[in-house]
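Protein sequence lines correspond, in order, to chains Z and F. Okay, so the first sequence: first residue is 2 according to my numbering, each after it adds one. Okay, so the second sequence: first residue is 2 according to my numbering, each after it adds one.
None of these hints come from the bench; they were simulated from the model. The hints are all genuine.
It does not matter which identical chain is meant; a pair holds if it fits inside one copy or across any two.
Below, a list of computed lysine-lysine pairs in the DSS-like style, where the Cα atoms sit at most 27 Å apart:
1) Lys-53 / Lys-73
2) Lys-12 / Lys-53
3) Lys-56 / Lys-67
4) Lys-12 / Lys-56
5) Lys-56 / Lys-73
6) Lys-12 / Lys-84
7) Lys-67 / Lys-84
8) Lys-53 / Lys-84
9) Lys-84 / Lys-56
10) Lys-53 / Lys-67
11) Lys-84 / Lys-73
Number of protein chains: 2
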Amino acid sequence: MGYGQFCPIAKATELLGERWMLLILRELFLGSHRYSELQRGLSRISPSLLTKRLKELEQAGIIVRKTERGRKGHEYYLTPAGKELQPLIENLAVWGMC
Amino acid sequence: MGYGQFCPIAKATELLGERWMLLILRELFLGSHRYSELQRGLSRISPSLLTKRLKELEQAGIIVRKTERGRKGHEYYLTPAGKELQPLIENLAVWGMC
DNA sequence: TAAAGCACTACAAAATCAGTAGTATACTTT
DNA sequence: AAAGTATACTACTGATTTTGTAGTGCTTTA
Numbered sequence: 002m003g004y005g006q007f008c009p010i011a012k013a014t015e016l017l018g019e020r021w022m023l024l025i026l027r028e029l030f031l032g033s034h035r036y037s038e039l040q041r042g043l044s045r046i047s048p049s050l051l052t053k054r055l056k057e058l059e060q061a062g063i064i065v066r067k068t069e070r071g072r073k074g075h076e077y078y079l080t081p082a083g084k085e086l087q088p089l090i091e092n093l094a095v096w097g098m099c
Numbered sequence: 002m003g004y005g006q007f008c009p010i011a012k013a014t015e016l017l018g019e020r021w022m023l024l025i026l027r028e029l030f031l032g033s034h035r036y037s038e039l040q041r042g043l044s045r046i047s048p049s050l051l052t053k054r055l056k057e058l059e060q061a062g063i064i065v066r067k068t069e070r071g072r073k074g075h076e077y078y079l080t081p082a083g084k085e086l087q088p089l090i091e092n093l094a095v096w097g098m099c
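Using the sequences provided together with the hints, build the complete structure.
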């Protein structure tokens with residue numbers, strides 16, 4: 002369910018305001034790339050929700066899913082668009098420390 | 002339900018990641034102060050949830066509720082701590098415009 | 001004192017999320 | 001080639017959260 006608004010903040014919130022979304026991004030910025038790593042870093046997230054969120058991030062062009070030959074499973078990487086979120090995450094961290 | 006983590010980002014997300022929270026702050030930054038104004042600006046929020054969120058923001062020290070004599074109802078204002086969120090909201094707006 | 005505006009509260013229905021268990025697929029070993 | 005294993009999911013039930021509508025109570029104004 003959306004917020005029914007046409008505003009850049011609403012648009013951003015539509016995606017980033019979802020539960021666990023910002024923490025998933027934190028993990029990605031900290032260097033987690035695999036599903037199992039993300040799950041470990043976000044100990045209480047349910048697997049189905051993690052899957053759902055990763056799909057949402059992929060659809061929004063914030064991450065890409067890569068499958069490498071010769072290795073099991075897949076890896077998730079921030080796209081350039083995703084990396085633009087870094088200042089926002091940092092802001093959040095600064096504010097959270099107060 | 003918390004995220005069960007001890008990290009400034011998780012702490013910030015605990016409050017700001019809740020549904021409607023960032024948009025309520027946007028309204029406050031844009032100059033809405035009364036319950037009815039907020040409700041109008043956030044057309045799809047339900048009154049009970051708006052009440053709940055305002056209480057959470059008040060408890061977190063981000064806003065204060067003032068009752069002025071000689072006027073009907075109350076008004077909500079950002080505290081200095083709340084105003085520190087401005088760069089974060091601006092970041093969100095910038096990112097949302099991309 | 002009556003009327004009206006404003007700020008809520010109550011509650012059922014709908015949507016979302018949590019937690020656990022089970023499945024699919026690709027690699028690795030035998 | 002067959003069996004085993006690691007990884008990444010999907011399915012499902014019950015709990016929690018949010019929505020949407022209706023109604024209540026205080027405060028000011030007439």
